[in-house]
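Novice: With chain A held as given, fit chains B, C and D onto it using these hints.
Number of protein chains: 4
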Amino acid sequence: MIKNIINLRDKLEALLLIQENFHNDGKVADYIPALAGVSPKLMGVSVATIDGNVIGAGDHQIPFSIQSISKVFGLVMAMNRLGDELWHRVNMEPSGQPFNSIIQLEWEKGIPRNPVINAGALLVADVLTSHFSASKLAFLTFLRKLAADENIFIDNHVYQSELSHGSRNAAMGYLMKSFGNIEAEIPEVLSHYFTQCSVAMSCQQLASSLLFLANKGIDPKTNNTICSPRDAHRVNAILSTSGMYDQSGEFAFSVGLPAKSGVGGGVVAIVPGYGVICSWSPPLNRFGNSVVGTNLVSDLAEELGLSIYH
Amino acid sequence: MIKNIINLRDKLEALLLIQENFHNDGKVADYIPALAGVSPKLMGVSVATIDGNVIGAGDHQIPFSIQSISKVFGLVMAMNRLGDELWHRVNMEPSGQPFNSIIQLEWEKGIPRNPVINAGALLVADVLTSHFSASKLAFLTFLRKLAADENIFIDNHVYQSELSHGSRNAAMGYLMKSFGNIEAEIPEVLSHYFTQCSVAMSCQQLASSLLFLANKGIDPKTNNTICSPRDAHRVNAILSTSGMYDQSGEFAFSVGLPAKSGVGGGVVAIVPGYGVICSWSPPLNRFGNSVVGTNLVSDLAEELGLSIYH
Amino acid sequence: MIKNIINLRDKLEALLLIQENFHNDGKVADYIPALAGVSPKLMGVSVATIDGNVIGAGDHQIPFSIQSISKVFGLVMAMNRLGDELWHRVNMEPSGQPFNSIIQLEWEKGIPRNPVINAGALLVADVLTSHFSASKLAFLTFLRKLAADENIFIDNHVYQSELSHGSRNAAMGYLMKSFGNIEAEIPEVLSHYFTQCSVAMSCQQLASSLLFLANKGIDPKTNNTICSPRDAHRVNAILSTSGMYDQSGEFAFSVGLPAKSGVGGGVVAIVPGYGVICSWSPPLNRFGNSVVGTNLVSDLAEELGLSIYH
Amino acid sequence: MIKNIINLRDKLEALLLIQENFHNDGKVADYIPALAGVSPKLMGVSVATIDGNVIGAGDHQIPFSIQSISKVFGLVMAMNRLGDELWHRVNMEPSGQPFNSIIQLEWEKGIPRNPVINAGALLVADVLTSHFSASKLAFLTFLRKLAADENIFIDNHVYQSELSHGSRNAAMGYLMKSFGNIEAEIPEVLSHYFTQCSVAMSCQQLASSLLFLANKGIDPKTNNTICSPRDAHRVNAILSTSGMYDQSGEFAFSVGLPAKSGVGGGVVAIVPGYGVICSWSPPLNRFGNSVVGTNLVSDLAEELGLSIYH
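Protein chains in written order, with our numbering: chain A, 1 to 310; chain B, 1 to 310; chain C, 1 to 310; chain D, 1 to 310.
One chain only, chain A, in its complex shape (with noise of 0.2 Å):
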């Protein structure tokens, strides 16, 4: 077993030599000012198993924007708190479309295709501001809980970026509104969703927190029950569908792992039963992918025969 964990580190450490330079094949976000200044070159990668070991190997301890794999956080929440009635407001099928559409929420009338693009990320923050009396402390404490850490925090210079970004954001939320699918005020909804968005984690921390949908929903540290194994499941069903954007398709042909990315340059992939990848390099491809970050899970992901394919 130590012998397995040394050998772990050492992969990850070669894998990371071998995408040294990828980073330039890819461009750091620059929608917000305040992830445009992340460094290109910080990349780091974590791996975290069900039989309580986290590995990681270069920039794995340093916290970065998690944005869009905020996601399966809120979303986990919104199925613990709403039960099956999430579904009625939100669909779980592949969107087609790039994550930001409008197109096709106003041709399905306000349903957001599944919780992982905006529309539907946004939807998620509706019910969790509706149904939390302090949904951002409660978003916090969860994460802190679950990554058994409670250095976790909210950049508040990413947050203040965003929210003077945000004009896509509000046209979902107020077409969706309109439709009758969003309860709460928009700038509520906005607050929350954007808050979320700005939460900061290092690899590490986002490998340990998501142990629970490797392992049926239980947190193997503490055997906590985080989720139901039937949400547990519908979570990697959703992440393997459409959680690389409209990428998803492609990652689950040449890597097969639920999976999410964040332009933050994050990459969290699962392994039922097994456990749990964090890859982190801020350049994006032309998707809002990592570039090197979904290299590094690939390369671990055939190295190890982790796929869910074969």
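No lab work stands behind these hints, which were simulated from the structure alone.
It is possible that part of the hints are untrue.
Heads up, the list lumps identical chains together, so a pair's fine if it works in one copy or across two of them.
Here are the simulated DMTMM-like cross-link-like pairs (lysine to aspartate or glutamate), alpha carbons at most 25 Å apart as the crow flies [as the list claims (entries may be wrong)]: (1) K109 to E150; (2) K27 to D59; (3) K27 to E108; (4) K216 to E302.
Specialist: Same frame as chain A, but now just chains B, C and D:
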């Protein structure tokens, strides 16, 4: 082992009993007269395992029109023939649209979103038509070899019916041709495509013939390599994100297996490392998937714990 | 001349009689409570001619909510203020879509197809908000001057109702803002826009106030230049291709006059070189145009041979 | 009168001089080889008046490929043959889309938005194919009668070229057929359609042949009734909202005449009560309209004050 087989047969029969009246929830495909005449009460299910068993219940030995399930076989043939070049002409992303939508094809300039929507299958038919001297015979021969059964046949009545109701597929073919993405003449492509769709097979034959996808490309009955492990992975990935028409996300969400349905009422599901399930019942839901066929796969996957997302 | 005027009044009264029960073919706008309460039986019509007559019949002196007819006045103000620069921010093409479609706005990257669909009118509202220190007052003053009537007022009950049902317009505003095509803050833009829509005017006031469009930009009542001949031409052209929502083509086809309707039930039609017709009846057809209002303009245009396409 | 005619010829020649180098702003249609070879320097203009004059300048007597201008003649034939039934199969609304868009056709379930986009013209071709025993001959005979010129011919070289590049039109035809809106076989419909498009006529012939549209349906040369006044009105209305492809709104805005262009470089404009202008110059702008042809009509309409919107 023998006990398990007996158990499995009992289980299949029990599952069929439960479904007895659910066929009333669906509607037999009526877009062509040749399909509209099939009895809605027929139902069957087969399980083929990579260790050599084929267990069935109900009408599992009655041949039915495989329709879109043929897309899986055509895709494997085209991958074997063209290699990675195929993926320059067809994408591997879920479509987020009905299977016969022409809108997305226009947006994406004649590149189908994936090979299991109609446009993608027509493109595959073009590849086969252009790269085999007798593509229809080659297709039939491939199926007979995979099922180890020379009796598999083309239902000419269905074929003629398809041909005389093929305007929409013709529209998609000509649209792709206008973008330069079709090599052969459209009437030839359609003729091959409708031939594929018109093959008749039983649950037993289908389950047995697709075992290689559950076994990294190797047919366990003969040890023949049907495709590379990588290509078996790719097919399973595509079936997971896109195999059940615009209900693929929901199927992943609630069942969790790579699968493909056809409007003849058949459903095949791949269980990597274990085997293949094939169910059949003609009445379809609004997405074009067999109501009872989907239920049977779902119930069996749940009872045996087969989902890939746990 | 006097004889003609008497004739015209008789004709208008006769036309109203014919329409007596046609209001039952439509449905009073109910998207806001303040409009839903108006009696469906009210109907009126006025004709103002450039030689100085204003003839009316029925409820032609009762003020009603001008709604989208306000887009004509706003457009003229914005053209006067911005000049040709306006046409870099809004196109002049028919939309081929419902008036409140958000799909086309996404395709065309935040540039509305024309200034008389909602998105275009919001853009005009942004121009007015940004270029007048008190845009609402300026708008009201403009109307009062054109109609030569200080009694024209904003219906505050309608305004409040619009404001609390404005999510869809907010969505369009934020979407344009996300493309950088809106200068002011969206709540301000909406406030101006809903104020415009909430102006109440009678058939008589509307017909009189738009005479300048039938007279190459000059108000014949005062000889004041309201806009250039070129801009009067442009407005008439836009009203001809796009003024009657997604029924504009049919209106051109069967009536043949530049016209604008509002969901308050009003219709104005410009007869170049002759004058302006304004009709009113609250019940709307499925396109959002007044059933009786459209009939009245159509019948009158036919009887007097007013079409521009002959 | 004679003086006016001399003046008009001088004016036309002066206008041509101004346009001398503007053809460089456009690009000769190259989607079929037969059009790509035409000299970009050719240009001509003719004016036919309902009082019997036909004045021309430049290459006004050289036949060119009329292409989409043929849609006007086909439409009149179909209206005469089918009556109002035609309008159940094709709409009369502007499209807000490129002329060959297939997206809108899908949305609107096989009903083209109007008869002068490609889908609509194919539907008209279906009407003619289905209702005339020899539709191509009937079409040619109609043109020869209207132009009073037996020399009008079909350019077979262009026809063959169209036929071998007709996939996109085939796609639209089959899509309409799949919705049950086409009666004849698609290859026949396409054959008629491409024949129409391949007619060669000069500016002089075109201007003269369309005089009936400026004269309430009556050919002033012969006093023959070509269509009803109502149908002449309808055609002019459709040309006003939709005749210049996706630049129709701008053409109305800046010129103000019912008009139709073709990718052969021709433009015809109807001046109700006065006559017809036809201009020609092969290089096209990005909308598919002749750059110089559009300028010539625009300049002449302005100088003579011909717009219908004043």
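Novice: Hints first: check each against the structure and report whether it holds.
Specialist: Hints, one by one, checked against the model:
Taking identical chains as interchangeable, the C-alpha atoms of K109 and E150 are never at most 25 Å apart, the minima being 41 Å within one chain and 43 Å between chains. Taking the shortest Cα distances, K27 and D59 sit within 25 Å of each other inside one copy (19 Å), while across copies they are farther apart (55 Å). Taking CA atoms no more than 25 Å apart as the test, K27 paired with E108 passes between copies only; the shortest distance there is 24 Å, against 33 Å inside one copy. When the C-alpha separation of K216 and E302 is checked against a cutoff of 25 Å, the pair qualifies both within a copy, at 23 Å, and between copies, at 14 Å.
Of the numbered hints listed earlier, the single one contradicted by the structure is hint 1.
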